[in-house]
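Asks: The primary structure of each chain is shown beneath.
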Amino acid sequence: MNIIVCIKQVPDTETQIKIGQDGKSIIEDDIKWVMNPYDEYGVEEALRLKEKFGGEVTVVGLGPKRVTESLRTALAMGADKGILINDPALEGSDSLGTAKALAAAIKDLDFDLIFAGQRGVDDDSGLVGAALAEFLDIPQASVIVKVEVAEDGKSLKAHRPVEGQTLVIESSTPVLITAQKGLNEPRYASLPGIMKAKKKPLEEKTLADLGLDPSEFGEGARKLNIVELTPPPQREAGKIVEGETPEQKAGELAKLLHEEAKVL
Amino acid sequence: MAQGVFIIAEQRGGEIRKVSYEIVSEARRLADSLGQKVTAVLIGSNIKDKAATLGHYGADKVLVADDPRLETYTTDAYVSVIAELVKANDPAIALLGASSQGKDLASRLSARLGVGMAQDCTQFSIEDGNLTATRPIYAGKAYTRVTYTNSSPQMATARPNVMAKNEPDESKTAQIIDATFSLDDGALKTKVADVMKDETEKVDLTEADKIVSGGRGMKGPEGYGILEELADIIGASVGASRSAVDAGWRPHSDQVGQTGKVVSPNLYLACGISGAIQHLAGMSTAKVIVAINKDPDAPIFQKADYGVVDDLFKIVPALTEEFKKVL
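Protein chains in written order, with the numbering used here: chain X, 11 to 274; chain D, 211 to 537.
No lab work stands behind these hints: they were computed from the structure.
As the structure is a computational prediction, the values presented were derived from the model and not from experiment.
Heads up, a few of these hints could be off.
[As the list claims (entries may be wrong)] With a straight-line Cα cutoff of 25 Å, these simulated PhoX-like cross-link-like pairs (lysine-lysine) come out:
#1 Lys504/D <-> Lys265/X
#2 Lys401/D <-> Lys156/X
#3 Lys399/D <-> Lys272/X
#4 Lys249/X <-> Lys247/D
#5 Lys265/X <-> Lys534/D
#6 Lys62/X <-> Lys206/X
#7 Lys228/D <-> Lys272/X
#8 Lys60/X <-> Lys399/D
#9 Lys535/D <-> Lys233/X
#10 Lys164/X <-> Lys497/D
#11 Lys524/D <-> Lys272/X
#12 Lys272/X <-> Lys401/D
#13 Lys249/X <-> Lys265/X
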């Protein structure tokens with residue numbers, strides 16, 4: 011079973027987001043870049059399926075040279091090879107552009123399954139996985155917490171929690187699955203894993219290598235344009251509820267929620 | 211030229227979901243400022259009798275796509291039918307609810323149509339006749355305003371509980387039309403093999419009006435008993451911080467924050483949650499935030515409308531008793 015995992019590099023979730031001078035981008039100076047947390051579940055699930063069914067796990071990333079680190083992390087976890095799509099013309103692409111480039115890099119590979127994170131914790135769109143599946147003309151199962159692949163590898167069941175229930179989606183392969191927290195506990199890369207990863211193949215490709223026209227990518231090709239970024243609406247620290255005893259404080263809080271905030 | 215505002219209504223088991231009324235109401239406001247019409251698409255099996263209520267909230271027209279194969283949502287079938295209806299009607303704007311289904315559908319649909327799609331928006335406006343959407347990114351650590359290029363329709367999903375819902379007016383009626391569409395069985399590659407109901411009857415956190423949430427200060431899984439009790443009395447759902455979930459005290463589905471659920475309730479009651487940035491990000495659009503924490507320096511107090519500096523194990527039960535008296 012050959013599996014592809016798409017990897018995005020994002021700012022660590024502890025990052026304070028600071029908006030740049032242009033008002034449209036974030037200041038990247040002090041950012042610690044990590045593999046998108048949801049992508050880690052995809053890598054882990056791919057490795058477990060490989061252990062069971064055999065085959066190869068290929069990780070595919072897109073972005074500048076620094077993304078190599080996240081791909082190497084996946085290789086150190088146990089993936090077999092990596093592809094980085096790196097082209098200055100990709101800078102500023104939106105989700106559709108990103109998915110188009112990924113599709114071009116993946117379409118000629120031999121694969122049964124594709125994993126992607128259910129969303130990037132930066133842009134929070136959750137679009138690339140679906141768009142990639144569309145461009146490859148394969149079905150998708152999104153926000154998945156459990157995958158059961160049939161013994162013959164030809165179909166699978168994917169558990170998708172939605173509001174108040176979990177849907178069990180049955181699909182033939184190839185299929186694209188977007189990973190949600192709960193799918194598994196991703197392993198840490200071992201020291202021998204890290205050493206081995208240095209020797210695993212990691213190929214870089216430009217848009218020209220993929221037969222794509224750079225004018226169809228980047229800022230100028232966006233369908234969704236960023237007008238501005240702003241800090242979130244500020245919340246002021248409110249009242250500290252006073253009282254001598256816990257009972258008095260609870261009584262005062264209940265009264266405030268009822269009479270002042272009117273939420274109860 | 212593309213005209214009108216489309217909304218894709220969401221139904222489950224034949225019942226239209228609340229977020230659909232929120233987006234019809236929002237679509238009405240946008241269409242009024244454009245001087246255009248609102249068309250709701252209702253898709254399912256045997257659902258035509260539900261179409262009229264969409265009119266009460268502001269739809270001028272309801273397109274009903276009725277087919278036994280559409281009874282349960284699948285990405286394949288719904289995207290295929292809706293893409294066809296969008297192409298035939300050529301709306302300027304298409305809105306969906308940012309529910310699990312809405313996000314899945316909108317993502318694939320926008321790729322099929324090759325148009326821009328803004329996910330999980332908290333505000334819309336019309337500027338120079340075009341849609342501008344505002345959406346939180348980095349789980350709310352920043353907001354972005356976006357516009358569209360070469361996108362017909364301009365697509366977006368709206369975060370549940372954020373858009374104001376109109377008062378239903380039964381004197382407002384929509385024209386109800388049976389939609390014509392083709393649905394090729396060969397295009398249906400997935401099916402829903404089973405539906406497992408959650409054990410809890412509680413409203414999902416993303417749709418909850420009130421949330422009582424516990425963090426590391428709960429000290430262990432058994433600590434959540436007092437939160438459950440309070441939640442039962444005030445009709446709230448129970449959430450948790452990442453540290454509580456990572457400690458195994460609560461299931462992943464309860465996690466609020468950047469790597470969990472992003473929530474927008476009317477009331478968010480944070481108990482024993484210090485307020486790590488990744489948690490604050492997930493609940494910053496709550497209308498009223500209450501923090502109960504022993505540590506007066508906990509960052510959560512900087513965001514809370516009401517703060518109680520005390521032992522939550524004393525405050526929460528006392529609060530439950532107070533609400534028992536008045537509710």
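Asks: Does each hint hold? Answer for all of them.
Replies: Hint-by-hint comparison with the structure:
For a cut-off of 25 Å, the pair hint linking Lys504/D to Lys265/X stands: about 21 Å separates their Cα positions. With a C-alpha separation of about 16 Å, the suggested pairing of Lys401/D with Lys156/X holds against the 25 Å cut-off. Of the pairs offered as hints, the one joining Lys399/D and Lys272/X is violated, with about 49 Å between alpha carbons and a cut-off of 25 Å exceeded. Our distance criterion of 25 Å between C-alpha atoms is broken by Lys249/X and Lys247/D, whose separation comes to about 45 Å.
Between the alpha carbons of Lys265/X and Lys534/D the distance comes to roughly 13 Å, so the proposed pair stays at or under 25 Å and holds. Of the supplied pair hints, the one linking Lys62/X and Lys206/X holds, its CA atoms being roughly 21 Å apart against a limit of 25 Å. Simply put, Lys228/D and Lys272/X have alpha-carbon atoms about 22 Å apart, close enough for the 25 Å limit, and the pair holds. A C-alpha spacing of about 24 Å is found between Lys60/X and Lys399/D, which places the hinted pair at or below 25 Å, so the restraint holds.
A threshold of 25 Å between alpha carbons decides the hint, and for Lys535/D with Lys233/X the separation of about 55 Å lies outside it, so the pair is violated. Between Lys164/X and Lys497/D, the direct Cα distance comes to roughly 48 Å. Violation of the 25 Å bound is thereby established for this hinted pair. With a CA separation close to 24 Å, the supplied pair Lys524/D and Lys272/X stays within the 25 Å bound. At roughly 44 Å between alpha-carbon atoms, Lys272/X and Lys401/D are farther apart than 25 Å, so this suggested pair is violated.
Taking the CA atoms of Lys249/X and Lys265/X, the gap is near 13 Å; set against the 25 Å cutoff, the hint holds.
Hints 3, 4, 9, 10 and 12, counting from the list given before, are not met by this structure.
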